[in-house]
Amino acid sequence: MTRMLVVEDDPQLARALVINLQARHYDVDTAPDGATALRLASARPPDVVLLDLGLPDMDGVDVIRGLRGWTRAPILVLSARQSSGEKVSALDAGADDYVTKPFGMDELLARLRAAVRRAEDLPLAQETSLVETADFVIDLLAKKVVRGERDVRLTPTEWHLLEILVTHPRRLVTQQHLLHEVWGISRHDRTNYLRVYMAQLRRKLEKDPSHPRYLITEPGMGYRFEA
Numbered sequence: 001m002t003r004m005l006v007v008e009d010d011p012q013l014a015r016a017l018v019i020n021l022q023a024r025h026y027d028v029d030t031a032p033d034g035a036t037a038l039r040l041a042s043a044r045p046p047d048v049v050l051l052d053l054g055l056p057d058m059d060g061v062d063v064i065r066g067l068r069g070w071t072r073a074p075i076l077v078l079s080a081r082q083s084s085g086e087k088v089s090a091l092d093a094g095a096d097d098y099v100t101k102p103f104g105m106d107e108l109l110a111r112l113r114a115a116v117r118r119a120e121d122l123p124l125a126q127e128t129s130l131v132e133t134a135d136f137v138i139d140l141l142a143k144k145v146v147r148g149e150r151d152v153r154l155t156p157t158e159w160h161l162l163e164i165l166v167t168h169p170r171r172l173v174t175q176q177h178l179l180h181e182v183w184g185i186s187r188h189d190r191t192n193y194l195r196v197y198m199a200q201l202r203r204k205l206e207k208d209p210s211h212p213r214y215l216i217t218e219p220g221m222g223y224r225f226e227a
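Be aware that the sequence shown starts at 1, since it is given in full-length UniProt numbering, and climbs by one per residue.
The hints are simulated quantities; they were obtained by calculation from the structure and are not laboratory data. Treat the hints with care, as some may be off.
Said to hold, decoys possible - Below 30 angstroms or equal to it, Euclidean Cα-Cα: the simulated DSSO-like pairs (lysine-lysine) are:
| id | residue 1 | residue 2 |
| --- | --- | --- |
| 1 | Lys144 | Lys204 |
| 2 | Lys143 | Lys207 |
| 3 | Lys101 | Lys144 |
| 4 | Lys101 | Lys143 |
| 5 | Lys87 | Lys101 |
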């Protein structure tokens, strides 16, 4: 069964979407705001996301960026915003389609089916074994880092955290996703784990840990690896 995440703050529209999707045998989760959507997506990774841009706590484009940090699931935007600039921003952030409100349910479902088919036909990206920067080289297959012709000693936790970030280059990886993947938790009050281990990685890899070039913090959201 295809798992759907509906991110919509209008309760009536959210209820209508759930009824129509469940009638067509989708497994549906709902979130009324961006923070809930990111937490729920980390705990129960969706196959497809229907996302309203006008959320009460953050812009939907930021939710797209957060999701694109770790998932390739199709994202269909549902929005009353009709300007071409708004559409371009959402598509550039990683959305797969843009449906303007109000919309017909038949059209939405057709676009949804098309997005699922495209995702199923998309080949898996080849894994890059070597990640090279000006200061160090990461060998993903050998699971080691070399800096200045010397091996950098990383703990298993440090390696796991680094591996997730470097395999999603230039993409935001959310705090929730990292906590879930590395420690098996998704609690906001454990973000100190991330701060401690990111500081350790920066001391080992960055020329100037206080002004990192590669391991970038996105305040309140997560981290990004810039090669």
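Results for each hint:
Proximity of lysine 144 to lysine 204 is assessed by CA-CA distance (about 13 angstroms); at most 30 angstroms being required, the pair is judged to hold. Taking the CA atoms of lysine 143 and lysine 207, the gap is near 21 angstroms; set against the 30 angstroms cutoff, the hint holds. A C-alpha spacing of about 50 angstroms is found between lysine 101 and lysine 144, which places the hinted pair above 30 angstroms, so the restraint is violated. Restraint check for lysine 101 and lysine 143: the C-alpha separation of about 48 angstroms exceeds 30 angstroms, so the hint is violated.
A threshold of 30 angstroms between alpha carbons decides the hint, and for lysine 87 with lysine 101 the separation of about 13 angstroms falls inside it, so the pair holds.
In summary, the structure is inconsistent with hints 3, 4 from the numbered list given earlier, while agreeing with the others.
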